[in-house]
Amino acid sequence: MSEETKKAPVREVYDEAEEERQKMAAIAEVIDTYKDQPGSLIKVLHAAQNIYGYLPLSLQKVIAEGMNMPLSMISGVVSFYAFFSTTPKADNTIKVCMGTACYVRGGQKIMDRLQEILGIKPGELTEDRKFSIEVTRCLGACGLAPVIMINDDVHQQVNPDKLEKLLAKY
Amino acid sequence: MANMVNITINGKAISVEEGKTIIQAAKENNIYIPSLCYLEGIHQYGGCRMCMVEVEGARTLMASCMVKVKEGMVIHTNSARARHARKVMCELILSNHPQDCLSCPRSGSCELQDLAKTLGITEARFKGEKSVDILDITPAITRDTSKCVLCRRCVSVCNMIQHVGVLNPQNRGFKTVIGPAMDLSMKDVDCSYCGQCVTVCPVNALQETDAIQPVWKAINDPNKRVVVQVAPAVRVGIGQEFGLPVGKATTGKLATALKELLFDDIFDTNFAADLTIMEEGTEFLTRAKAALTGGNAVLPMITSCSPGWIKFVEHTFPEELDHLSTCKSPHMMEGALIKSYYAEKLGIDPKDIFVVSVMPCTAKKFEITRPEMVNNGVPNVDAVLTVRELARMIREAGIDFANLPESDFDAPMGLSSGAADIFGVTGGVMEAALRTVYELVTGRELPFDKLHVAPIVGLEQIKVAELTFENVLPAYKFLEGFTAKVAVTSGLEGARKLMEQVAKGEGGYHFIEVMGCPGGCIAGGGQPRMTDKKVKELRMAGIYEEDEGKKLRKSHENKDIQALYSQYLLEPLGHKSHELLHTTYTKRGEFNEYLHTEQAE
Ligand code: SF4
Ligand code: SF4
Ligand code: SF4
Ligand code: FES
Ligand code: FES
Numbered sequence: 001m002s003e004e005t006k007k008a009p010v011r012e013v014y015d016e017a018e019e020e021r022q023k024m025a026a027i028a029e030v031i032d033t034y035k036d037q038p039g040s041l042i043k044v045l046h047a048a049q050n051i052y053g054y055l056p057l058s059l060q061k062v063i064a065e066g067m068n069m070p071l072s073m074i075s076g077v078v079s080f081y082a083f084f085s086t087t088p089k090a091d092n093t094i095k096v097c098m099g100t101a102c103y104v105r106g107g108q109k110i111m112d113r114l115q116e117i118l119g120i121k122p123g124e125l126t127e128d129r130k131f132s133i134e135v136t137r138c139l140g141a142c143g144l145a146p147v148i149m150i151n152d153d154v155h156q157q158v159n160p161d162k163l164e165k166l167l168a169k170y
Numbered sequence: 001m002a003n004m005v006n007i008t009i010n011g012k013a014i015s016v017e018e019g020k021t022i023i024q025a026a027k028e029n030n031i032y033i034p035s036l037c038y039l040e041g042i043h044q045y046g047g048c049r050m051c052m053v054e055v056e057g058a059r060t061l062m063a064s065c066m067v068k069v070k071e072g073m074v075i076h077t078n079s080a081r082a083r084h085a086r087k088v089m090c091e092l093i094l095s096n097h098p099q100d101c102l103s104c105p106r107s108g109s110c111e112l113q114d115l116a117k118t119l120g121i122t123e124a125r126f127k128g129e130k131s132v133d134i135l136d137i138t139p140a141i142t143r144d145t146s147k148c149v150l151c152r153r154c155v156s157v158c159n160m161i162q163h164v165g166v167l168n169p170q171n172r173g174f175k176t177v178i179g180p181a182m183d184l185s186m187k188d189v190d191c192s193y194c195g196q197c198v199t200v201c202p203v204n205a206l207q208e209t210d211a212i213q214p215v216w217k218a219i220n221d222p223n224k225r226v227v228v229q230v231a232p233a234v235r236v237g238i239g240q241e242f243g244l245p246v247g248k249a250t251t252g253k254l255a256t257a258l259k260e261l262l263f264d265d266i267f268d269t270n271f272a273a274d275l276t277i278m279e280e281g282t283e284f285l286t287r288a289k290a291a292l293t294g295g296n297a298v299l300p301m302i303t304s305c306s307p308g309w310i311k312f313v314e315h316t317f318p319e320e321l322d323h324l325s326t327c328k329s330p331h332m333m334e335g336a337l338i339k340s341y342y343a344e345k346l347g348i349d350p351k352d353i354f355v356v357s358v359m360p361c362t363a364k365k366f367e368i369t370r371p372e373m374v375n376n377g378v379p380n381v382d383a384v385l386t387v388r389e390l391a392r393m394i395r396e397a398g399i400d401f402a403n404l405p406e407s408d409f410d411a412p413m414g415l416s417s418g419a420a421d422i423f424g425v426t427g428g429v430m431e432a433a434l435r436t437v438y439e440l441v442t443g444r445e446l447p448f449d450k451l452h453v454a455p456i457v458g459l460e461q462i463k464v465a466e467l468t469f470e471n472v473l474p475a476y477k478f479l480e481g482f483t484a485k486v487a488v489t490s491g492l493e494g495a496r497k498l499m500e501q502v503a504k505g506e507g508g509y510h511f512i513e514v515m516g517c518p519g520g521c522i523a524g525g526g527q528p529r530m531t532d533k534k535v536k537e538l539r540m541a542g543i544y545e546e547d548e549g550k551k552l553r554k555s556h557e558n559k560d561i562q563a564l565y566s567q568y569l570l571e572p573l574g575h576k577s578h579e580l581l582h583t584t585y586t587k588r589g590e591f592n593e594y595l596h597t598e599q600a601e
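Quick mapping for you: the protein sequence lines, in order, are chains A and B.
Per this note's numbering, residue 1 is the first one in the first sequence, and the count goes up by one each step.
Per this note's numbering, residue 1 is the first one in the second sequence, and the count goes up by one each step.
Derived by calculation from the structure, the hints in this document are not laboratory data.
In this text, a Cβ means the ideal position worked out from N, Cα and C, and glycines have one as well.
Incorrect hints may appear among the rest.
As the list claims (entries may be wrong) - Simulated crosslink set (PhoX-like; lysine-lysine; CA at most 20 angstroms straight-line): (1) B:Lys-551 <-> A:Lys-61; (2) B:Lys-187 <-> A:Lys-61; (3) B:Lys-450 <-> B:Lys-551; (4) A:Lys-130 <-> A:Lys-162; (5) A:Lys-109 <-> A:Lys-121; (6) A:Lys-109 <-> A:Lys-165.
As the list claims (entries may be wrong) - The calculated label-pair distances, taken between Cβ atoms and stated as ranges, are: (7) B:Lys-351 <-> A:Val-135: 52 to 60 angstroms; (8) A:Gly-119 <-> B:Arg-172: 48 to 56 angstroms; (9) A:Ala-28 <-> B:Val-298: 31 to 39 angstroms; (10) A:Tyr-54 <-> B:Ser-103: 38 to 46 angstroms; (11) A:Leu-144 <-> B:Ala-80: 52 to 60 angstroms; (12) B:Arg-529 <-> A:Ala-82: 33 to 41 angstroms; (13) A:Val-135 <-> B:Glu-460: 43 to 51 angstroms; (14) A:Lys-89 <-> B:Ala-80: 47 to 55 angstroms; (15) B:Lys-587 <-> A:Ala-82: 54 to 62 angstroms; (16) A:Pro-88 <-> B:Ala-2: 53 to 61 angstroms; (17) A:Ala-26 <-> B:Lys-587: 24 to 32 angstroms; (18) B:Gln-213 <-> A:Asp-112: 45 to 53 angstroms; (19) A:Lys-89 <-> B:Ala-297: 49 to 57 angstroms.
For reference, chain B alone in the conformation it holds in the complex (with noise of 0.2 angstroms):
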């Protein structure tokens, strides 16, 4: 049992933990402190001075975020001088602030709009010169300097979790901007694009750069096909935009919900997940057995479905691509199959069509702008929407998620397993392709309880596991006794832990799956933002429940990824696919010195 300690808080006898502070312990006891900068388990940094209260016994205000309890503190959290001095603190943050909330996205979901309502702020009493002005535009991320609060929680994000780098404090005082070095642009250093710091800014300094313009557009085009595809971890991200269940799956109403949209076809990127199992177990199993027969073959290989962990491996360690698979992410290998199998299917010129992927991610904005996602000369994915920005959307449509009525994703590229939904949280991919993998070789299924590989289930940042393939099917032969050592990261912190291991030859692994964002997509940049540490948790475990409740658990079951096979692909890694579905790497460089200079500039 911890130390307890016992305070007062508002009059009221409260008994907290040593070690507590005092947001903390008024927190648990349902008592409200306004804060600003402070973000649990993330950020703690005493700069806004939002949270102050008064300790009886001390001459000035406490940040509250910042004092641990002691035994006998006497707290007002709500007396008129602590009132007041956070209204003041307030008013002068919105005297440098443009203040131009009814055109601004964050309206509605920002947390200084809230604080300044909670405060009771009804008037600009303070006029101020405004500071630096930057808009930085770049694929995925917008940063606007004008509207940053300087709380620095980006910062947090990007060097203590995501260890990046790429925000920092430059210049000093007035003219402080939170940004990248000498003025750089984002896009012109190493920053993956994770959008992490997207997703902890309190306003709208950072936000996703803008898809839904473009794909409003492209609906209203009576000359285009409007194709959707959504990504696992939306299903169990979304409702909470409409104040349904946090984590809870809504894969029913989300389906009718971009019907409702006016989107032509309805497609899961669960089906490309699916298919990527196909192709990267494939593509394990080739490895496997040129390395176990003499031959040549890099290994560990690594997975490739998500494109801001396979921008930072290209901007921090250049040399060792050839480890990542060749496959591209499940929803780039949809578009691409989009605009050519359901093109066909349909007898309509790739041209014509317009896809757009739903997903919790920044990185994959960026990613659709790879020159290397290009097939017979149309991209193979035309927007990627994050999932606060379909919330928007169905906003705007005047949609009342909440209670829509369920309805199913459309043929051929809806179907899907459940180990396609657990793509969506760390540990997922790895598990689907055991699943698969493993009773290919033996002919049994996975021996693991519910089909889970329990050591890489949860939010741990490095997990590892071994499955011995015993028995094995005749044509599988060189595995037999074969012990695979698999880890699985999430987060680019274990991703540059398990990567330097790799550079040295060290570790000993064969596969290892990678997710940029810690916890995964669950967690990635373009999810609702998480309001405590529980949303994650309860997502994974939305997550798992959808990949439970189905009848269809192995990806190599699913009846319409073996009809794509028969009908179009004819085989894994067949000529087709590395057509389709496979990719190649950029050397990157961690000042992007591997690019060509043109862009540099």
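Excised from the complex, chain A in its bound form (with noise of 0.2 angstroms):
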């Protein structure tokens, strides 16, 4: 076996952890500079977010314990603002409107064609976390149904068809 082959794998994994060392030494950092500001704890959260991409359970552990505040106080804020999210986030977020005039006009062929090839249901992310798929409500352009968002921009009557192309341009 060559040298290369029995490296590879263990660097990866090496950089994986230490991705996570550098970004959990980042969040100690901040932790540090606001602890003892009262009032800052949302700063805190935001800045962790930015780092760590989202705040899940265990990163809370850490926040509560390095502000000296419950748990539970932590959890609160979270839920409390959307803007801060509990489960990764993906690159790209598509909205499909299920709205009645984008339904009748073939939402839900849409939906179970973007399900078919991003292989994930409504709420979930791809495996790398590039695609999420939501629902959502009418978004004001029925005159042109059916209608996705990805991010920022509306596509209009969009053919099922088509999705993969679309999809392709992120």
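Once you've looked at the hints, go ahead and assemble the two chains, each given alone in its own frame, into the complex.
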């Protein structure tokens, strides 16, 4: 066996652990800066989410301990504000309109096809964290139904057969 | 003299102290204003708007629990507008409430039900969507969010009084629930099961986990010997449930009621409280001797009779558990002896005995499930009833408690000293221990008026006293001239403060008493709910009255305890004691990180 093939996978694992360590160190630094400032929890949570991507329970525990606050108080704040997330966020969020007009004009077909292509259900995200699917109510563009949104882009009169091409752009 | 303010309520001229709220001013003058979330001295949040009144000159109605009186204020608590607004607020709460009062354990003692009655609500006008419905059943406490009115009293108690912080609002708007982080169960977090949240919840959202059913079942089982024991503080709590004077001991009626409920033996946990003093006092002297003679001993020693405190310290100071006395709590000791000493006396298989403890406590419901509380393959205690639960059983059985004749507890585990009674109040265990330890060491009575160690009596959070041993008996030479520094606290905030000192090696204490509930068991999580602050004081007075009314004031003078030692245990801290009366503790950690992960999921 060559040296290379022996080392390669080990290195990958090492990198992931190292990345995690770096993120946690950065978060620890943030906590250290703010821990004695009253009212700074939101700032810390923001920074932590920026660094880590989301705020899982394990991270909330670290913050609770560091800020010397009860965990239930941390999770209370996290769950109060919509911009905090306790699950990983996808790079691209696809919102499929299921309002009446879109539904009548094939919204469900788009939904089915998206699930087929990405292999996930609404509320889930792909393994590579590239896409997630959400259902949304009327987006106010009924005239051009069916409508989907990918991040901030509105796509109108979407053809289910052309979805793959559309996704390739992201 | 405080500054006085002149106001008018409902046409009546009133003079009140500056700084009081409208609702306080009204109450002092016997004017009733409905309220729901407000709890005097504990919770002032202004969330439910049930206490709205009309103030002349103000555009909107005002929440009387939040607004302070001002000179010249003219208030109408009963105007059509105020009454209508309060009624609508109440109807809105009811529209998101299960309204199954007929099968609800709180029916009859529910603040929401009372309020609806007072406000004259006779029909459910609004039909609404029902919000989040989580049923969280732990060994001690059951949380049913469908009944929660979001008053947040429990949040105040758990965060601001106990400083544990298990309960907080999660999510927002219609989805708001009061609970632990991220939908975790109370059993998976650092809840102490002190039950202080339960005692303030106005509805059935927080309640003890039921033990009434298994107890009835055992009583009805002809093959079971059902033995009941009652904790010291129960006797000053239960009368209130039957309209008797608050805080007045009803020991004799209690014993009779238990007989009428058809328990086979009526024992007193006080007996085991006396026993605890023998064991714990000896343990303290052993530790002190080691420390003073150059040996190894962990001091301060800290009492272990409050299971809420024990669970708290296991979560919060897992590295300090060696400070805890190894004594089981009194009712666990009594249970262990009922199923050994007493079982042998009767010639019964311990498996056929069912031990019920009536306790002012919710944490004890959890305590009996601890794996170490088992001897010879049987649990020491089989069920724990709170005082409220026992009152429900007494009512269910149609017993007219208030008019019962008095009777005594049964031998051989029914006799107790006054020192045992005071286990029910903060400072009591320490005082009881000192009464015995001082006398054992010096041969003289504890040098305090009426045997009360004045500096540690009362409801303050942390109390400290010093006691010097002089002219000691020869066996205790090592203590000659030694000044013991003792501290007493109740409530978990005080416990945390003392433990922070202990962890740092500060304070210089030798012996500490901790009770998990502020005030001690008189204010335990299993007591009848307290309507106002005076209740604690009245129950405390009731306890001291019991103590002073007894001839027997010191644990070591209890004849039945002496018999237990001579016939069975042989000596304090002896082999049998170790096996039956002492225990070990579990490191848990704030997030239960020390526990094995299999439970965590
Ligand atoms: S909590 Fe009160 S109002 Fe609600 S169902 Fe129970 S008794 Fe009725
Ligand atoms: S039982 Fe005590 S520690 Fe647990 S949630 Fe209630 S008040 Fe907090
Ligand atoms: S659980 Fe009880 S005390 Fe806590 S917010 Fe709900 S109703 Fe109020
Ligand atoms: S229904 Fe889809 S945009 Fe209105
Ligand atoms: S009692 Fe005043 S707002 Fe709730």
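Tested hints:
Restraint check for Lys-551 (chain B) and Lys-61 (chain A): not satisfied, since their Cα atoms lie roughly 54 angstroms apart, outside the 20 angstroms limit. Simply put, Lys-187 (chain B) and Lys-61 (chain A) have alpha-carbon atoms about 17 angstroms apart, close enough for the 20 angstroms limit, and the pair holds. Restraint check for Lys-450 (chain B) and Lys-551 (chain B): the C-alpha separation of about 12 angstroms stays at or below 20 angstroms, so the hint holds. Among the hinted pairs, Lys-130 (chain A) with Lys-162 (chain A) is consistent with the structure: their alpha-carbon atoms are about 19 angstroms apart, no more than 20 angstroms.
Between Lys-109 (chain A) and Lys-121 (chain A), the direct Cα distance comes to roughly 14 angstroms. Compliance with the 20 angstroms bound is thereby established for this hinted pair. For a cut-off of 20 angstroms, the pair hint linking Lys-109 (chain A) to Lys-165 (chain A) stands: about 16 angstroms separates their Cα positions. Between Lys-351 (chain B) and Val-135 (chain A), the C-beta spacing of about 58 angstroms keeps the proposed range 52 to 60 angstroms intact. Taking 48 to 56 angstroms as the suggested C-beta distance range, the pair Gly-119 (chain A) and Arg-172 (chain B) does not conform, at roughly 33 angstroms.
At about 33 angstroms, the CB distance of Ala-28 (chain A) to Val-298 (chain B) agrees with the hint of 31 to 39 angstroms. A beta carbon spacing of about 42 angstroms between Tyr-54 (chain A) and Ser-103 (chain B) agrees with the range 38 to 46 angstroms that was offered as a hint. In this structure the supplied range 52 to 60 angstroms holds for Leu-144 (chain A) paired with Ala-80 (chain B), their Cβ-Cβ distance being about 54 angstroms. The hinted range of 33 to 41 angstroms is satisfied by Arg-529 (chain B) and Ala-82 (chain A), whose Cβ atoms lie roughly 38 angstroms apart.
Distance hint check: the CB atoms of Val-135 (chain A) and Glu-460 (chain B) are about 58 angstroms apart, inconsistent with the given range 43 to 51 angstroms. Evaluation of the 47 to 55 angstroms hint for Lys-89 (chain A) and Ala-80 (chain B) yields a pass: the beta carbon distance comes to about 53 angstroms. The given range of 54 to 62 angstroms is broken by Lys-587 (chain B) and Ala-82 (chain A), whose C-beta atoms sit roughly 38 angstroms from each other. Between Pro-88 (chain A) and Ala-2 (chain B) the C-beta distance comes to about 58 angstroms, which sits within the given range of 53 to 61 angstroms.
A hinted range of 24 to 32 angstroms holds for the C-beta pair Ala-26 (chain A) and Lys-587 (chain B), which are about 30 angstroms apart. Roughly 50 angstroms separates the CB atoms of Gln-213 (chain B) and Asp-112 (chain A), a value that falls within the hinted 45 to 53 angstroms. Range check, Lys-89 (chain A) to Ala-297 (chain B): Cβ separation about 55 angstroms, and the 49 to 57 angstroms hint holds.
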